[in-house]
Amino acid sequence: MLIGTLVYGFVNSAILALVAMGFNLTFGISGVANFAYGAVYIFSGFFAWILLNSAGLPYIVCVIGAIVGAGILGILMYYTVILRVKGIALSEVMATFGLGLAIMELFRYFDFVGFRYTLPIFFDGSLSMGEVYIDYQRLIIALIAIALTTFLYFFTRYTKIGLAFRAIAQDERTALTFGIESDRIGALSMAFGSALAAVAAIVILPLGTIAVEGGYEVLINALAVCIVGGLGSTVGILVASVLIGYAQTFTANYLEPHWMILVSLIAIAVILTIKPSGLFGKQKELEERV
Amino acid sequence: MQMLKVENLMVFFENALALNDFSMELDEGQIVGVIGSNSAGKTTLMNTLSGLILDMRIKEKRRGGERITIYGKIIYRGEDISNVPPSERVKKGIVLCRERHPVFGESSVVENLRIAGYLKSRGHIRKTIEYVFEVFPGLKRLRGRKAGFLSGGEQQMLAIGMALVAEPSLLLLDEPLLGLSPMMQNMLVESIKRLKSDSGMTVVLSEQFARPVLPMIDHGYIIENGMLTLSGTGQELMDNPEVKAAYFGV
Ligand SMILES: Nc1ncnc2c1ncn2[C@@H]1O[C@H](COP(=O)(O)OP(=O)(O)OP(=O)(O)O)[C@@H](O)[C@H]1O
Ligand SMILES: [Mg+2]
Numbered sequence: 281m282l283i284g285t286l287v288y289g290f291v292n293s294a295i296l297a298l299v300a301m302g303f304n305l306t307f308g309i310s311g312v313a314n315f316a317y318g319a320v321y322i323f324s325g326f327f328a329w330i331l332l333n334s335a336g337l338p339y340i341v342c343v344i345g346a347i348v349g350a351g352i353l354g355i356l357m358y359y360t361v362i363l364r365v366k367g368i369a370l371s372e373v374m375a376t377f378g379l380g381l382a383i384m385e386l387f388r389y390f391d392f393v394g395f396r397y398t399l400p401i402f403f404d405g406s407l408s409m410g411e412v413y414i415d416y417q418r419l420i421i422a423l424i425a426i427a428l429t430t431f432l433y434f435f436t437r438y439t440k441i442g443l444a445f446r447a448i449a450q451d452e453r454t455a456l457t458f459g460i461e462s463d464r465i466g467a468l469s470m471a472f473g474s475a476l477a478a479v480a481a482i483v484i485l486p487l488g489t490i491a492v493e494g495g496y497e498v499l500i501n502a503l504a505v506c507i508v509g510g511l512g513s514t515v516g517i518l519v520a521s522v523l524i525g526y527a528q529t530f531t532a533n534y535l536e537p538h539w540m541i542l543v544s545l546i547a548i549a550v551i552l553t554i555k556p557s558g559l560f561g562k563q564k565e566l567e568e569r570v
Numbered sequence: 099m100q101m102l103k104v105e106n107l108m109v110f111f112e113n114a115l116a117l118n119d120f121s122m123e124l125d126e127g128q129i130v131g132v133i134g135s136n137s138a139g140k141t142t143l144m145n146t147l148s149g150l151i152l153d154m155r156i157k158e159k160r161r162g163g164e165r166i167t168i169y170g171k172i173i174y175r176g177e178d179i180s181n182v183p184p185s186e187r188v189k190k191g192i193v194l195c196r197e198r199h200p201v202f203g204e205s206s207v208v209e210n211l212r213i214a215g216y217l218k219s220r221g222h223i224r225k226t227i228e229y230v231f232e233v234f235p236g237l238k239r240l241r242g243r244k245a246g247f248l249s250g251g252e253q254q255m256l257a258i259g260m261a262l263v264a265e266p267s268l269l270l271l272d273e274p275l276l277g278l279s280p281m282m283q284n285m286l287v288e289s290i291k292r293l294k295s296d297s298g299m300t301v302v303l304s305e306q307f308a309r310p311v312l313p314m315i316d317h318g319y320i321i322e323n324g325m326l327t328l329s330g331t332g333q334e335l336m337d338n339p340e341v342k343a344a345y346f347g348v
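If you read the protein sequences in the order shown, they are chains A and B.
Residues 281 to 570 in the working numbering are what the first sequence lists, from first letter to last.
Residues 99 to 348 in the working numbering are what the second sequence lists, from first letter to last.
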């Protein structure tokens, strides 16, 4: 039982890390807290579902389509809405949150509700480790989370765009003196963040159904991880994912599965009272932004 | 050949006039000094030449503010670039090194130099990084260190090195000697002269004190309250009693 909890706790941590990664990336680079993040997540899920079931495309094409589609949605949101309010934190939050609500509730309005909205798992079957069984889909989630973290580490250190991401995150005006434009990089950071939300959706959603409520839950979890870890800090995200991930799994296994989301909410409340900048966050940045 | 011509530049921040009818001209290969005390308008001039002020104005306008006003013309190599955005100016070879040695503190020295090469090819970046290490040998052994952990002087060398990676034809240095020891100042002055002799680079540098820079410049402009009060060759300014009194310190 304990081994099982540890293994599932790890998978749950990977899920949280995946979910928070895109939100954190966009915020870390352009300073925009994208409250439409959960909406992008379920948009990706429904979009993949439509490509698969209504257009009848091969699944791999649907996956790529959803990731690219989410990226484009991110760029559109950036240029049509975020750019207008950029730098005014409260307006950014209102604008992205409103946009997110509109997207999610539109899906509900057009009746995207019910058990038929599911995405296929990648491989059937499961792996046994002693008396613990773990299905391949959960293994894939853990692997993808590790792979993406590694990829982002190297991407931001060795590629031009990655270096430009880090430059803008540190000092926008100095970056501009080398021709790095904050608007362009900001749009790219939304594209990347949204594409990461799509990747998370594609691997995580097969565990359940695609539902509008899932979008709200994803946003809460992403916020919890980022606030506990410290917005913009990659190490913080990983540590917070593990902390909240295990806390959720223990709660679900030994207390009550319904309380999982409560763990995230309590974590937000506790960290905001004790250390508002998060475990690894920079106090100054948060004070400036929030 | 004439490289840059600034005509009647005026910059307002709200109602405050930071640059007042400022004009200057410079030829290819010259080193030009802009000398003025605190809040004289040096940084405003540099930021206007590099396009940063234009960018600030555009971003402000987008949010509905109208705080910044710019009048006047900047002619670069015969082309009016007054409305050209900063990244395009970098492409044309106008590169600014901002005041107070701005470096990306969380990134290593080499990463900083690579960031500066955003618009350049990998080959060019590799080559100029070697050149930067040649001009500033002290940076080489620090290549892996986070820029935030460098001393002020080291950061200034890095900041100028970064500007070099962006391949300037016209290098704008905003108070490069600020906060440096006399020895370090001499070393930087020698490096700047070397840039001119190595590649014929044109340099505009601003400074509060005239003493370290007047001997090296071809032409100098004295600026007070955003206004040009005096200009002349380095020697002419050195001989001027008013300049001596105001900008030579003790
Ligand atoms: N963004 C801004 N908003 C409002 N006023 C500004 C702004 N930037 C500069 N100013 C004002 O314009 C004037 C000129 O400032 P500037 O920074 O150009 O001076 P400086 O010569 O560079 O001074 P220092 O030697 O202290 O760096 C100052 O009075 C300053 O307060
Ligand atoms: Mg200044």
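Just so you know, these hints were derived from the structure itself, not from any lab.
Accuracy of the hints is not assured; some may be wrong.
In silico BS3-like pairs for lysine-lysine, Cα to Cα no more than 30 Å straight-line [unchecked claim]:
id: 1; chain 1: B; residue 1: K189; chain 2: A; residue 2: K562
id: 2; chain 1: B; residue 1: K225; chain 2: A; residue 2: K440
id: 3; chain 1: B; residue 1: K238; chain 2: B; residue 2: K294
id: 4; chain 1: B; residue 1: K189; chain 2: A; residue 2: K440
id: 5; chain 1: A; residue 1: K440; chain 2: B; residue 2: K103
id: 6; chain 1: B; residue 1: K244; chain 2: A; residue 2: K562
id: 7; chain 1: A; residue 1: K555; chain 2: B; residue 2: K244
id: 8; chain 1: B; residue 1: K244; chain 2: A; residue 2: K440
id: 9; chain 1: A; residue 1: K440; chain 2: B; residue 2: K190
id: 10; chain 1: A; residue 1: K440; chain 2: B; residue 2: K294
id: 11; chain 1: A; residue 1: K440; chain 2: B; residue 2: K342
id: 12; chain 1: B; residue 1: K189; chain 2: B; residue 2: K225
Computed, partial: chain A to chain B, Cβ under 10 Å [to be verified]:
id: 13; residue: R364
id: 14; residue: G367
id: 15; residue: I368
id: 16; residue: S371
id: 17; residue: I414
id: 18; residue: T430
id: 19; residue: L432
id: 20; residue: Y438
id: 21; residue: R453
id: 22; residue: F458
id: 23; residue: G459
id: 24; residue: K555
Over 10 Å on every C-beta distance to chain B, these chain A residues come out as not near it, computed from the model [what the hints assert, rightly or not]:
id: 25; residue: Y288
id: 26; residue: L370
id: 27; residue: V373
id: 28; residue: F390
id: 29; residue: I424
This one's a predicted model, so the numbers in the text were calculated from it and none came from an experiment.
We put the beta carbon where it would ideally sit given N, CA and C, even for glycine.
(Q) According to the definition I'm using, a residue is off the interface if its beta carbon is farther than 10 Å from all beta carbons of the partner; does Y288 (chain A) meet that for chain B? (A) 35 Å, holds
Q. Going straight from one Cα to the other, do K440 (chain A) and K342 (chain B) come out at no more than 30 Å?
A. Cα-Cα ~48 Å, so violated.
(Q) For a C-alpha distance cap of 30 Å, please report whether K244 (chain B) and K562 (chain A) respect it. (A) The hint holds at about 17 Å.
Q.
For the restraint on K555 (chain A), tell me whether the closest CB of chain B is nearer than 10 Å.
A. K555 (chain A) check fails; min Cβ-Cβ to chain B is 21 Å, beyond 10 Å.
**Q.** Minimum beta-carbon distance criterion (10 Å), R453 (chain A) to chain B
**A.** 6 Å, holds
Q) Has the given pair, K555 (chain A) with K244 (chain B), been kept, meaning a C-alpha gap of at most 30 Å? A) 26 Å, holds
Q: Hey, is I424 (chain A) genuinely clear of chain B, shortest beta carbon separation above 10 Å?
A: Consistent with the label, I424 (chain A) stays out of reach of chain B, its closest Cβ about 27 Å off (over 10 Å).
Q | Status of the I414 (chain A) interface restraint (C-beta, 10 Å, chain B) | A | With a minimum Cβ separation of about 38 Å from chain B (threshold 10 Å), the hint on I414 (chain A) is violated.
Q: Grab the minimum C-beta distance from F458 (chain A) to chain B and call the hint holds if it beats 10 Å, violated otherwise.
A: 5 Å, holds
Q. Hint check: is the beta carbon of R364 (chain A) less than 10 Å from a beta carbon of chain B?
A. Since chain B brings a Cβ to about 7 Å from R364 (chain A), closer than 10 Å, the hint holds.
(Q) Given G459 (chain A) as an interface hint, is its Cβ closer than 10 Å to any Cβ of chain B? (A) 4 Å, holds
Q | Restraint check, 10 Å cut-off on beta carbons, for Y438 (chain A) near chain B | A | For Y438 (chain A), the interface hint holds, since the closest Cβ of chain B sits about 9 Å away, which is under 10 Å.
The earlier numbered hints that this structure contradicts are 1, 5, 11, 17, 18, 19 and 24.
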